[in-house]
Amino acid sequence: MFCLSSNLNIVYRWLPVLVTTLFIGETVRSQDVADISFIRDVAPILTKAGCNSGACHAKAGGGQNGFELSLLGFEPLEDYEHIVREGRGRRVSLASPERSLLLAKATGRVPHGGGVRMSVDSDNYRLLQRWIFDGAAIGREDTPDLVALDVEPANELMQSGSHRSLRAVARYRDDSTRDVTSLALYESNDHAMVQVNDHGEVTAGDIPGKAAVMVRYQGKVAVFNAAIPLGQPVTEVHEPNNFIDVHVFSNLRELGIPPSPLCDDATFLRRVSLDIAGRLPTEVEVREFFSHASDMRRGKAIDWYLASSSYADYFANKWTSLLKNRRDEQSDITANFAFHAWIRDSLLENRPYDQLVRELLAATGTVIGNPAVAWYKRVKEPKQQVEDVAQLFLGVRMQCAQCHHHPFERWSQDDYYGLVAFFSQVGRKPTAVPGEDLIFHKRGVATAQNIRSGQSVRPVALGDDVGVIAPDQDPRLPLADWMSQADNPYFAKAVVNRYWKHFLKRGLIEPEDDIRDTNPPSNPELLAALERHFVDSGFDLKELVRVIVNSRTYQLSSEPNDHNLMDRQNYSRFYPRRLSAEVLLDSIDQFAGTHTEFADLPIGTTAVGLPDNSYNKASPFLRVFGRPNAQSVCECERVESANLAQSLHLLNAPDISAKVGSTHGFAERLATDSQTTPVEKVRRLYEAAFARAPTTDELETSIGYLMDSRSDASGNPLDAVASLRTNLQDLMWAMINGKEFLFNH
Amino acid sequence: MAKSFFSITNMNQPRLLLLFTWMCCLGVTSIHGQSVCLPAPRLLTTMPMGGQVGTQVEVVIGGENTDDATELMFSHPSITASKKVDANGRHEPNRYLVTISVDCPEGVHDAHVLTPMGISTARAFSVGDLNEIVQTEPTPDWENPLVIPMNSVCNASANPRAVNHYRFHARQGQRLVVDCTSRGIDSKLNAVVIIADAQGRDLMVERGGDRLDFTAPADGDYLVKVHELTFKGGAEYFYRLALTELPPGTVPRRQMSTLAVSACSWPPPGLPTTAVSEESGDEIQSISLPCDLQGKFFPAADVDVFEFDANQGDVWWIEVASERLGLPTDPAIVVQRIEGEGDSLQLHDVVELNDIASPVKVSSNAYAYDGPPYNAGSSDVLGKFEVPQTARYRLRLLDLFGGTRSDDRNGYRLLIRKASPDFALVAWAMHRELRNGDRNALSKPVSLRPGATMALEVAVIRRDGFDGTIDLTMDGLPDGVTAQGLKIPAGKTLGLMLVTAHQNAPQGHSVARIVGTAQIGEQVVTHEARIASMAWPVRDGWSEIPSPRLLASVPVSVSGLEAAPITISPRDDKVWEVTVGQKLAVPLVHFRQAEFSGAAISLRTFGDGFENNPSFELPLGSDHSEATLDLAQLKTPPGDYAIAFYGTAVAKYVRPAKPSADGSPLPPPAPVDTVDLIISEPIKIRVQPEPTP
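Those protein sequences? They're chains A and B, same order as listed. This note's numbering puts the last residue of the first sequence at 745; the count rises by one with no breaks. This note's numbering puts the last residue of the second sequence at 1438; the count rises by one with no breaks.
Excised from the complex, chain A in its bound form (with noise of 0.2 Å):
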């Protein structure tokens, strides 16, 4: 018997799709509309349509509206639970698929926060409407998985202002590949360089050198490499002085940027005296420097200061604020000095690399009686441990992977926990110091449970196996094994790199600790070469800096020439750096020839040789210049760019001028001192501001201010001594003021 009802409802459910039928596109109509796959071909479209981005309905991101989906669709089994069988069959709606929340929302049908995704007649649309009607299922058990994703091309060279379109490949088990390219994600590591938009489709900017475009599809990721080339001529090139030259130069002529020519000595001595010792070059030493041959100072200069304490107190400040020694607590202090001083003494007496970090990773022991051990008063937490360590020594950054699959990376969840099980069997035992504990290595197998999965981990270090780890040995210990090898392809790597960065100010990888594939370095050659330079020096930090400034590349002129203004990151010229916090103060105080006073401290202790952050409470310098407060691993937390609170701290703050009006000061012993002329007293202060000598010009507008007669607030004439030190102050007070003196050149 016919039901009019039933014939109605089937003609309501048929409906919808003899309409789709009509107008579905390619996509659908190349496969079999029964074999859609949740994983292959519905969770790639709510990737690209960013329904699981951390913003919007990720787990990870807290889930808009109670709807979580794996973070880029990294666990599809969960998200086909949470879309079929969740919402109280709401967001799936098999009896009418048009009225599935995945689709209304999706097209802002109904309201939805996240706007409208997709439009009703875009082909993702109609598969997911299909797939739907089809029953919604995961698909056939033997839909092949993703293996891998590729990008054509994976190099070109662009001209500025040229487009590329990229395609994306994604291969399977079973050797079939598929066009993905609407389906990827696409994202420019440099968008100054080059710009690429959601169809893959690339445009190079006018910048020279070389960037790239991760390209992501369902937790593959690939890299399109851009080189960007300037295209003028190299005719001259200098000689090179080391291997760095090589690459660097090579760079250089492959993208026809032409180099500046050398900077001259005095401007090499400044530079070399703030980047290794953090300091200005004393009086004392620029006279020593300048009578050296000319073909030996710069190598003599370079020696010196690598010998100098002041090297180790400088990069000690570098590092002990990247390793977190943070005063909470006035008990912190005892700690946190020797912790400062361990940093200090080991790059005094330049403990090899590995070997100091294999302390620090490994310390056990008491504060005093080891005071590595500081380190895990700081970062108590394994997961803690495992990202700052991964972020710091290694340049990975493994935070994401502690919930879900790393977005960007090829790190899981077994990769965060196999290395967290390293720290697994760190023990703890309470002293009497509040917060303050001792550390031991408990005996025991070490693992760790993956949080999601529940199963334990056995130490595995970012994929590698360290092998079986007794109970009785530290796990630490093969952790630090395997990151002093000399094949490991981030330890020796980070470092260079950070320390490149230090000298030449933007590093060969960007961030600086945040290596992975989809982020290459701009010279993957010269970075290569630096880190097989430094694991075979035996991971020797004075020669790592020594060959780096030896380089002719960090003694490039930063004046640019009539090229390479735009050029950014191929160390065609040296790239001037504003002064830090800590090196800035110091440098005010050897030009003024005064001391700032920090609190039970010394008189004379450097800004740059302070232990800790509790410094910066009382010294609004070094906050408003951005010393950091040792919060991060991340060098970013030191403020680096320039303000106007900066700027006004210079030129009005109450600190500075008590220092060039100090009664001890550099101002008053020349304004007092009968025996030097006004052309020696002039040179002397350019060479102590600016290790040079004063030019003609200068010479004469300097002696010119410094003879006028001055007269006090009343309106009565000083007399010549008093004119002449107030002349003076206010002459050091400009050249403090000047760029020349605020930033390293």
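Fair warning: there could be bad hints in the mix.
[Stated by the list, open to error] With a cut-off of at most 27 Å between alpha-carbon atoms, the simulated BS3-like pairs for lysine-lysine come out as follows:
1) Lys-542(A) - Lys-970(B)
2) Lys-429(A) - Lys-1129(B)
3) Lys-1106(B) - Lys-442(A)
4) Lys-977(B) - Lys-617(A)
5) Lys-429(A) - Lys-1237(B)
[To be verified] If you want a taste of the chain A side facing chain B, the calculated C-beta under 8 Å gives, among others:
6) Met-296
7) Thr-334
8) Ala-338
9) Ala-341
10) Leu-348
11) Leu-356
12) Glu-359
13) Ala-363
14) Gly-365
15) Ile-368
16) Gly-369
17) Pro-430
18) Val-433
19) Asp-474
20) Asp-600
21) Leu-601
[Said to hold, decoys possible] To give an idea of the interface, some chain B residues facing chain A are shown, with a C-beta separation under 7 Å as derived from the structure:
22) Arg-906
23) Gly-953
24) Leu-974
25) Ala-1046
26) Val-1050
27) Ser-1288
28) Glu-1289
29) Ser-1292
Source of the hints: derived by calculation from the structure; they are not laboratory data. Ideal Cβ placement from N, Cα and C applies to all residues, glycine included.
Based on these hints, arrange chain B on the given structure of chain A.
Just chain B now, with coordinates in the frame of chain A:
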């Protein structure tokens, strides 16, 4: 209303005036903050901190309540001292001439001063064979260092926010050891020692209290810089800086230091001073039990492995000493049963042995008092290995601190023996309540005020399964002083020694002994307890950590200056008898000699089995009261007991007025609220069994 201004005159010291006074008005609130612990004499500094054998050295002392010191005394009889007199024959304040006889053993001895208040706390005094100098002026500028002669010790102290500089001359290739002792001789200094070139550029640095072993790279002058790790300074940040020349290949000798509390349990009685050395290398060493070996945790991450045969049912006791030898180690042992051999060899863990637990819960140094701050335990090993089956076993010994450290001085002594039940004792002055993080009371000498009872906690480290009762006695006490031990019960780890200076006790002092006696098998075994104390009175536990150590002796003294603020004693000096299950009422007599805050003291009870006696109020306004013990509630079995009552009270302490320059008495200083532990005199009880019908 003013109460009588109470003063005592000691029968033997009639010149001395009394010490505690009543407040003029009961309603007056002290404007002063509350102090912890009644004043005690504390010797805090001596300069120099030691001397050369066979010499006489002038020593200047400093401390708390030591201005009127009459004697400087030492724990070893071959060190003697006399007050220094000036040209007019007058004693120079705080200056002594110390004579160190030629037969005085080198090492660290204890110095005390005798004051009218009693014997002071101890301060380390080192005796060595090197020439000694004393730095009199700070040397903060590297251009103006103090010249330190070769093979000498410089006694000095660090200055706040400053570095002391020293200069020495060395020949190229000359080997020198620079050793700065500070923490090991009671100093607060965490020493930083730097060897620098003549221009002050650092060459070698030591910040962990270790020595610097330096070979001069060239002929010339060198500098030594010394400062405190956090640039603190002052008289209490003293140090002894030794510069010695050493032939190549010679093992440097460290300066001696005081002993940690954990050392109280080492060595076991009768242990030879040396043992067989373990074979170095990675090989497994075959041994037979019992054994006595010495070895090294060297190189880094070293695991020493021994194999031996053992029979099912045997019980072996394993003891490792390393931390107790003063080394920064944390030994651990695992014993494994070996099954199979070659490729099929399997190891099965049988027992893991780690730390020696502290016999009492150790204070966390938190705001409030939560236990004594003395850890008589150790990171060493002492434990039992019960052989589960006859087999070959493998013992793996490692240092849990040794993963990255290669120091061949980190040695150990390994003993594996059949059970030799025994015990070791350590005592310290008891404290119960500390206010506001104040650890002042932790540094307390056994200097008794007449009428006072002081409690010493006596902790035991039990060895090899000994679990019996330990009776505690004390001998060698001064006149008028008695001691009552409250035994360490079977299976427990803590007893008490109550030391009472009777109200008429004369001023005096002696070196006493605390002795524990136990029946172990057929033997009656006695051992003398070591005594521990804090190096410093610490008034702010947040910024300074108490530093306990063992003392060389147990000096006990009676004050001739002050009496106890209150004496609580049983009305009759007798054994109080009571039948089991009955109530015992003990009449108490109070002899109050100071004003207190509050009208009563809440008292609790010491004594095995009596700790649960409910607290009760002792009225301060009355001169008598009664304490009741409900033996039925306490379930006290028949036997002889000793108990005492204790509580914390706030006395209004008035420091004795000193005469003015013309000899007339000055008005007494303002009273200071002072919280301290009040303990009654011991009470002996005999619980009789129920009479048989």
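Return the status of the interface hint for Leu-356(A): holds when the least beta-carbon distance to chain B is below 8 Å, violated otherwise. This hint is violated: Leu-356(A) lies away from chain B, its Cβ roughly 10 Å from the closest one there, beyond 8 Å.
Return the status of the interface hint for Ala-1046(B): holds when the least beta-carbon distance to chain A is below 7 Å, violated otherwise. Holds: closest Cβ of chain A sits about 6 Å from Ala-1046(B), inside 7 Å.
Please verify that hint: Arg-906(B), Cβ, nearest Cβ of chain A, below 7 Å or not. Cβ of Arg-906(B) sits 5 Å from chain A, so the hint holds.
Are Ala-341(A) and chain B close enough, Cβ to Cβ, to be under 8 Å, as the hint says? Interface hint status for Ala-341(A): holds (5 Å vs cutoff 8 Å).
Can the restraint linking Lys-977(B) and Lys-617(A) be considered satisfied, given a maximum Cα separation of 27 Å? holds (21 Å)
Given Asp-474(A) as an interface hint, is its Cβ closer than 8 Å to any Cβ of chain B? holds (4 Å)
Is the hint on Val-1050(B) kept, meaning its closest Cβ partner in chain A is under 7 Å away? violated (9 Å)
Do the alpha carbons of Lys-542(A) and Lys-970(B) lie within 27 Å of each other, as the hint requires? Holds - the C-alpha atoms of Lys-970(B) and Lys-542(A) are around 25 Å apart, at most 27 Å.
Restraint satisfaction for Ala-363(A) [CB to CB of chain B, less than 8 Å]: Holds: closest Cβ of chain B sits about 7 Å from Ala-363(A), inside 8 Å.
Let's test the interface hint: is any C-beta of chain B closer than 8 Å to that of Leu-348(A)? holds (6 Å)
Can you verify the interface hint for Ser-1288(B): is its Cβ closer than 7 Å to any Cβ in chain A? Hint holds; Ser-1288(B) Cβ to chain A Cβ min 6 Å, cut 7 Å.
Going straight from one Cα to the other, do Lys-429(A) and Lys-1237(B) come out at no more than 27 Å? The given pair, whose Cα atoms are some 24 Å apart, holds under the 27 Å limit.
Of the numbered hints given earlier, the model fails hints 6, 11, 26, 28 and 29; all others are met.
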